[in-house]
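S.K.: Here is what each chain is made of, one letter per residue.
6 protein chains.
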Amino acid sequence: MWLELRQIFDQLSVDPNVRAVILSGAGPRAFTAGLDVKAASQGMLGGKEGVGKLDPGRIAVQMRRHVASFQDCITAVEKCEKPVICVMHGISYGLGIDLSCTADVRICSKDTQFCVKEVDIGLAADIGTLTRLPKIVGSYGWVKEVSMTARPFGAEEAMRVGFVNSVYEAKADAVSAAIEMGVLMASKSPIAVQGTKELLNWSRDHTVQDGLRYTGVWNSAALQTSDVATALLSGLEKRTPTFEKL
Amino acid sequence: MWLELRQIFDQLSVDPNVRAVILSGAGPRAFTAGLDVKAASQGMLGGKEGVGKLDPGRIAVQMRRHVASFQDCITAVEKCEKPVICVMHGISYGLGIDLSCTADVRICSKDTQFCVKEVDIGLAADIGTLTRLPKIVGSYGWVKEVSMTARPFGAEEAMRVGFVNSVYEAKADAVSAAIEMGVLMASKSPIAVQGTKELLNWSRDHTVQDGLRYTGVWNSAALQTSDVATALLSGLEKRTPTFEKL
Amino acid sequence: MWLELRQIFDQLSVDPNVRAVILSGAGPRAFTAGLDVKAASQGMLGGKEGVGKLDPGRIAVQMRRHVASFQDCITAVEKCEKPVICVMHGISYGLGIDLSCTADVRICSKDTQFCVKEVDIGLAADIGTLTRLPKIVGSYGWVKEVSMTARPFGAEEAMRVGFVNSVYEAKADAVSAAIEMGVLMASKSPIAVQGTKELLNWSRDHTVQDGLRYTGVWNSAALQTSDVATALLSGLEKRTPTFEKL
Amino acid sequence: MWLELRQIFDQLSVDPNVRAVILSGAGPRAFTAGLDVKAASQGMLGGKEGVGKLDPGRIAVQMRRHVASFQDCITAVEKCEKPVICVMHGISYGLGIDLSCTADVRICSKDTQFCVKEVDIGLAADIGTLTRLPKIVGSYGWVKEVSMTARPFGAEEAMRVGFVNSVYEAKADAVSAAIEMGVLMASKSPIAVQGTKELLNWSRDHTVQDGLRYTGVWNSAALQTSDVATALLSGLEKRTPTFEKL
Amino acid sequence: MWLELRQIFDQLSVDPNVRAVILSGAGPRAFTAGLDVKAASQGMLGGKEGVGKLDPGRIAVQMRRHVASFQDCITAVEKCEKPVICVMHGISYGLGIDLSCTADVRICSKDTQFCVKEVDIGLAADIGTLTRLPKIVGSYGWVKEVSMTARPFGAEEAMRVGFVNSVYEAKADAVSAAIEMGVLMASKSPIAVQGTKELLNWSRDHTVQDGLRYTGVWNSAALQTSDVATALLSGLEKRTPTFEKL
Amino acid sequence: MWLELRQIFDQLSVDPNVRAVILSGAGPRAFTAGLDVKAASQGMLGGKEGVGKLDPGRIAVQMRRHVASFQDCITAVEKCEKPVICVMHGISYGLGIDLSCTADVRICSKDTQFCVKEVDIGLAADIGTLTRLPKIVGSYGWVKEVSMTARPFGAEEAMRVGFVNSVYEAKADAVSAAIEMGVLMASKSPIAVQGTKELLNWSRDHTVQDGLRYTGVWNSAALQTSDVATALLSGLEKRTPTFEKL
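Protein chains in written order, with the working numbering: chain A, 53 to 298; chain B, 53 to 298; chain C, 53 to 298; chain D, 53 to 298; chain E, 53 to 298; chain F, 53 to 298.
One or more of the hints may lead you astray.
As the list makes no split between identical chains, a pair holds if one copy fits it or if it spans any two.
[To be verified] Straight-line distance between alpha carbons at most 35 Å, and here's what the computed DSBU-like set of lysine-lysine pairs gives:
| hint | residue 1 | residue 2 |
| --- | --- | --- |
| 1 | Lys297 | Lys187 |
| 2 | Lys162 | Lys131 |
| 3 | Lys131 | Lys105 |
| 4 | Lys162 | Lys187 |
| 5 | Lys187 | Lys131 |
| 6 | Lys297 | Lys105 |
| 7 | Lys290 | Lys162 |
| 8 | Lys105 | Lys290 |
Honestly, the hints are just simulated from the structure, not real lab data.
One chain only, chain A, in its complex shape (with noise of 0.2 Å):
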């Protein structure tokens, strides 16, 4: 299923049909329960009978390729160009969490129950949670709480430390209102909106002064798009601009 996960981000990332991407859990319960452990660890060691022939510092070097291509699957939706917007519901665990972090925006309905629950199955969280939560909140402190201690946490907490940006009445209510998000998203200029990202993103990582030169050297190239006069003449007229593809 991850694999397939990253084919489909890396197709949405190029399509120029798409302009904003929605990601929600099917069903009322569960956006995802976490990671299916038993599956996991078989997948980690290529099946019971490999593992007997291995020292542990080849058991290591299994592990290593399989958690990296496992962490490459879920940084595919941070690499989509197009805008994500992550709707969560109910419980969302484990491996929810970490691959709601690669979203550019959270929201939920108000029954979500969130957990950083991988210190609970005896593992640190290496898909991604304790890279980017850290990253995503302002408090550092909450973030070691909740990473330490496994203690679920409910919408409330999740709207006031800043890890969703909004709580909705239910699943349903927070699908809409991400569809009413990404439709704004798609009706501005897809150069704009998809520069916006790549620029965060980039800037996240580096210092100040990397990211404004880096700002600039993009913009050297993306300032000579027609959308620029496009939606300044829009604006004059008074009129809703748009957009050719991207």
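Since the structure of chain A is already known, use the hints to place chains B, C, D, E and F on it.
M.R.: Just chains B, C, D, E and F, lined up with the frame of chain A:
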């Protein structure tokens, strides 16, 4: 105007009579209505006549230089060695956000309307907002939302996400509060206050270890100021210390 | 006392009987009243007699060494491999902030008074506050304000900006809550909890890509612990797991 | 062809039967004559018909994606977990330099002609030479000269500046030497050899402290291999050790 | 004089008539005899009268500003977008090393005497040598030796360690060779040559991955120049291409 | 022995009577024959008895701590504030390389045999060689070859690639030369020499801009030493200056 802004802040930075700077907007309606797009786009290309002759690779060079020199003007506020308090009111769009992000403290009046407006005119903000805003407020998802939708937001929301430090009834109140804060900063040792600004700016862009090391080297000189003795003595004698200019 | 603090935390870090650490202040009045300035300034210069003989370049060397060894003492708390929960109450000024910033979680009682006090004694805080505080709380402008004005702030404000995780009625309540949180952390796999701490600390100072890579390498060994099997089995059998010391 | 190169090296990277890779050019005349410029430029834009419809901002997006996927193909050689020895002969221009820079060791025959050719076709090399070459050879001024003049250089000069490790009379000799070196590497513990490659690549891009830390974490698993015992025992018994595949 | 140097290079950087710059010393005896120490130390402190009034903390602020503005002057050579070839002869001490390290290529005459002279006047070189020299030559131990002993070294040694690209019989020969190299660079596409300089400078200070990414973004605009077509067409038609100014 | 090495260098670092350090090997046969593997592997696991009880995840924790404390011992040489000259002769294998890479200058006698020996005992070198060697010598391909083949190399090759600064006929000659160099360094201002060491080490791990900034801050204190006046005055009076201890 932006070149002038740079000159002024370069000068304030080293003027020994200045201990704190308040940056606010003239007039009742707006802190800044954003970039005069027409003027800027002409500036980028050296006027209309010039454009036709250049290929996109050469236009990109002009644009990069133009964006860089614009960024430098704004960055002069950040580089100013004295603390800068920015007071916003009314319309605070586009460049108003870029500019205020370079101040140390932001406060505003209740009526302030903020907007990362750039996607509405077909471009990704390139004068600093996308680089600095995620390092100023804690919720990365919120930054992405307001930057990719150009959704306006008010004073209360700006306060909630930590973009502004406090909100006042009217512009005049905000200016008074800023002056009070500036006077408070100006009453402290300028060696201490300016060092604090520098060390916080350095730490934003470096690891904890690099931050600690730089701090130690910085203070190996700064601690030799007579301000420490002045401050301690005044404390013992329960009177207000007076510190030399810097 | 600070050298002792370092020795204690170096020892707690590797003592297999320790799974979580609570750091609180003795007595009812203060977590810490800040640095004993007189003692420190003497320490810096090796006593008054020594100062006169040295030129400012040589004094700077002494000061840099002194600050560095002071920083190292405080950093020992951050480097402690076990989770550290800091409980604050009453006066928590100056070094109290430096110290608490190295803990993983901060909680406090309602009566706590915080202050980044250093500018009041003529210096920029150099034992870690200016480096760590902006990475702990989300609002950079707030950090600048409290650091450049030395304005005290209370428990509620500390909670609002994310400096503390929760506020309790009295010191005793806060200590109880810390113990409860520590017991909870101690009941989980120590491989998982200590790995989580390490990976979060690494991620704070590195790019997302470096964070993911380091996580994969770290877990390539950690996942080979028997704690994973212990945790999964206990889950299936609905009983509380017991994990070996670490 | 480049996509195929990537697939091959992705496969070699994890194929347990492979312990070292020799990369050389077919035919007597050239290691590689450089990029087929016409094909590449068509590839960039998806064929001629597509170009006319796009504005320079949108063309830039296509170009960036194209360059990135080209870079990824070449980078697959660097990411290959097994050591790669590159043998060059005859004409080794443009992409030949990009490609060889991703190998671990470069050797060549006396007749090799090297050239960072890109400025001669109007572009700055973008498939890796400008990024990797200055980290491979010691003289930065030499890198600038050959990159900004497109001046060809021979085997002796390549040896003097440290671009190649050794020079052989003819291509066949160089290939033999490469095979000998590959066989030598393959006779060592694969855990040790592949770890060495990884740690050197990591160190190139990180500070000494980050390098030491990463090394310690890496080896905390790798040292648990049975290869250490195998190597030590063989040493004592003065026989050639045999190491399991990896 | 240094302020003038900065203005000149800032101007050369954007003057479309300039495609390459040769930097050499006037007169037969010296490229530069190093800093006029007396003048510099007065400059640092704004003249003798000013010094007495300031405490060491305040003197440090003046010194830091002075060093920074001096560094900025020298850095202007590095930031010049056109390639800079530095020709050295005779005495090339102290600031001569600082300055030449900012050029892209260094060549010299046989009689050149180099010296990182600063420790002989009681200071660590602070105008760039200690920062740039280890990134220019391959042998870090050699850099340490010549910087910590102030041992002079000659042209042959400078060539051996890669500090200069080539050595000529006399100053006139070196200047001729520099002009020839400059003319060669000037005959290439300025988009390509200036892009090459920028990308090499960026790569020196960034990881390979950041280098590749920046390169792709840079070239997404640069590849749209008509210079590529001009170069290719000239190649097919076997004539010398002419490129537009930049 | 390694813990002792650390204590000695920690002490030399701050002992005002020490101005330069020579590090050489006792006896005629070897600088160091490399790690006593048996002792080390026992050290890692706290003796044989302990191993059986631990799972691979817990063994990894012990190993990581052991490697880290070993690295710290070696790093003490690099952190020593005084210049360190390492003299090698005879067998200089394994840890001899790790150790010598932390010195500032390396010289050797003609008979020296170097070897990055670790892959021969089944492990990737983890006490510093793989991190520091590529930053010391210019040819990255050469580093990869000798590290992945464990091929020994002699003094001449070490000189050619820049690993050692010079080669002497016999150990005694090399020691004499080192003492001469040490005496020369010791005759200069210790503020200048020690500052030069620090700034070069900082620059190795930072961008040019960060290097320039740090240098300016460092020298804002260091330039206030009386050594500058002492050096200048002695120069004018053509006599040998005497500098105070540091």
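S.K.: For each hint given before, does the structure comply? Return the numbers of the non-compliant ones in rising order.
M.R.: none
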